[in-house]
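Visitor: Protein chains in written order, with the numbering used here: chain Y, 663 to 713; chain V, 104 to 343; chain R, 277 to 497.
Zero decoy hints are in this set.
Listed next, the in silico DSS-like pairs over lysine-lysine satisfying Cα-Cα at most 30 Å (straight line):
1. Y:LYS700 - V:LYS245
2. V:LYS269 - V:LYS207
3. R:LYS286 - V:LYS245
4. V:LYS179 - V:LYS245
5. V:LYS179 - Y:LYS700
6. Y:LYS706 - V:LYS179
7. Y:LYS706 - V:LYS245
8. V:LYS207 - V:LYS134
What the hints contain is simulated information worked out from the structure, not anything from laboratory work. Bear in mind that the values here come from a model prediction, so they are computed numbers and not experimental data.
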Amino acid sequence: MMGVVEGGWGFVAAAYVVTAAVLGAYATTVFLRYRTEKDRAAAKAERETGA
Amino acid sequence: MKEPSQSRAPQAAVALGVGLLLAGSYWGLAKAPGEIFMGDVQRIMYVHVPTAWNAMLALTFAFVCALSFLFTNAWKWDNRLEAAMEIGVVLSLLLCMQGAIWAKPTWGVWWDWDPRLTTTAVMVFAFGGILALRAFVDDPVKRAVWSAVACIVAFADVPIVYFSVKWWNSLHQAQSTPQTVSKAFHWPLRINAFGILFLWTGLVALRARVAALRLRNEVAPPLPERAPDTAGAPALGGAR
Amino acid sequence: MRSLLVALRKDLLLQWRSRTQIVAIFAFGAAALLLFSFAIGPDSLALRQHAAGFLWLGLLLASTLSLAESFEREMEEQALEGLLLLPASARALYYGKAIANWAQLALLGAALVPVTVVLYDAGTLRLVSLLGVILLGTAGLSAPGTLYAAMTAQIRGRQTLLPLLLFPLVVPVLLAAVKATSLLILGDPMGQLRPWATLLAAFAVIHWALGGLLFSRVVED
Chain Y
663 MMGVVEGGWG
673 FVAAAYVVTA
683 AVLGAYATTV
693 FLRYRTEKDR
703 AAAKAERETG
713 A
Chain V
104 MKEPSQSRAP
114 QAAVALGVGL
124 LLAGSYWGLA
134 KAPGEIFMGD
144 VQRIMYVHVP
154 TAWNAMLALT
164 FAFVCALSFL
174 FTNAWKWDNR
184 LEAAMEIGVV
194 LSLLLCMQGA
204 IWAKPTWGVW
214 WDWDPRLTTT
224 AVMVFAFGGI
234 LALRAFVDDP
244 VKRAVWSAVA
254 CIVAFADVPI
264 VYFSVKWWNS
274 LHQAQSTPQT
284 VSKAFHWPLR
294 INAFGILFLW
304 TGLVALRARV
314 AALRLRNEVA
324 PPLPERAPDT
334 AGAPALGGAR
Chain R
277 MRSLLVALRK
287 DLLLQWRSRT
297 QIVAIFAFGA
307 AALLLFSFAI
317 GPDSLALRQH
327 AAGFLWLGLL
337 LASTLSLAES
347 FEREMEEQAL
357 EGLLLLPASA
367 RALYYGKAIA
377 NWAQLALLGA
387 ALVPVTVVLY
397 DAGTLRLVSL
407 LGVILLGTAG
417 LSAPGTLYAA
427 MTAQIRGRQT
437 LLPLLLFPLV
447 VPVLLAAVKA
457 TSLLILGDPM
467 GQLRPWATLL
477 AAFAVIHWAL
487 GGLLFSRVVE
497 D
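Please take these sequences and the hints and turn them into a complete structure.
Guide: Given below as structure tokens:
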């Protein structure tokens, strides 16, 4: 490596933002899917005990 | 099949992971000094290296789940396999993106064919393909067995891919991407590594529950603990 | 061992009976090579330099057709289940099929060489070595290819899934085979051919072993 890399902060910020965005988005999908499946299971259980 | 656990431990793990990541990133960004040659771009390493460790860990866990399923035929290992492969692909994809963001200011190109990153890119396609396979197989038993088989083959391929790419690239590139970090910077790295570790283990636990719940909808009750053991065939190989 | 020979004979017979299809696959491969040259342009130097890459890409693309087709007969009228009821073990079936596929792919590769020579001005005098590389490379394609063809033959979306699953896996084969072929075409002053050939051989050994171990799980019912 020759010399110093200048003005890297834009890339640093990009890296951290991308990391947060990807992990955050994926975590959100997991939580949402979990909630959907739990509700669906609860609704099904209710139908079965009710009927 | 047992009721999927209702414990809140996974959510706690995720919260802990996020907290650690915030702390480690703050330390790396605000407190740790800039590196001599690469200036502030080096700070990308505080998320890049932990992501690399965890991506490999997640895919290794997926491999363990695949083996476990083939030997036990227990559904829980298929659920975990699905979850582990998914997070493994996400982390690997993230790794490639971070790698590109690092490479541009450092090497002037978005991709420098670094063997580790190139292998990761191949793995994204390999394991992503297995996730696609799962979407096309309707029979849950076949889906589980085939994903496990494909996962084992793909994982066994990782060292071969790495070695061949490293060799292929060494003929062109004199230096490899330096990803070593000097001692002063260990703490942010470690904190972030544990942060991502807690984050993905928590997410895998939750995602496995999602898979378990979906499976119950698919298979007529009662859902057996284990997938039907076909003709008593042993886990690997064996004559029929 | 005997069941292996029986299975192999069955598969080679099937291939012989559908030889028009093999010719069509060859035509597809040759067409692909032609398209590559259009994509690069009439730059003889560039074409010759990358000829090895084009050959193996063309062969790889053609292999998806060949491998998929190898299981079509079994899928018709559920012949696969019938075969598995026979005393022949799944492992023998796998190796029989894999060897037959290997032969077909090697034949395709060899047939595409003259096309490469003509289109890219990329010939070599070291024909035996070239054949060796083709044999080693296609062995690496055949083992995982047969395993995944057996899987995807049983489901919808098979045309997309077979290449999707296979291509990432065979990256080492592509790298090593192209490198080795390139050395043969363009010259190998430092004698680098052997290590690449060794890599191809190692890949083949590992995947032929793995495939044999795992195949029974793929076709069980």
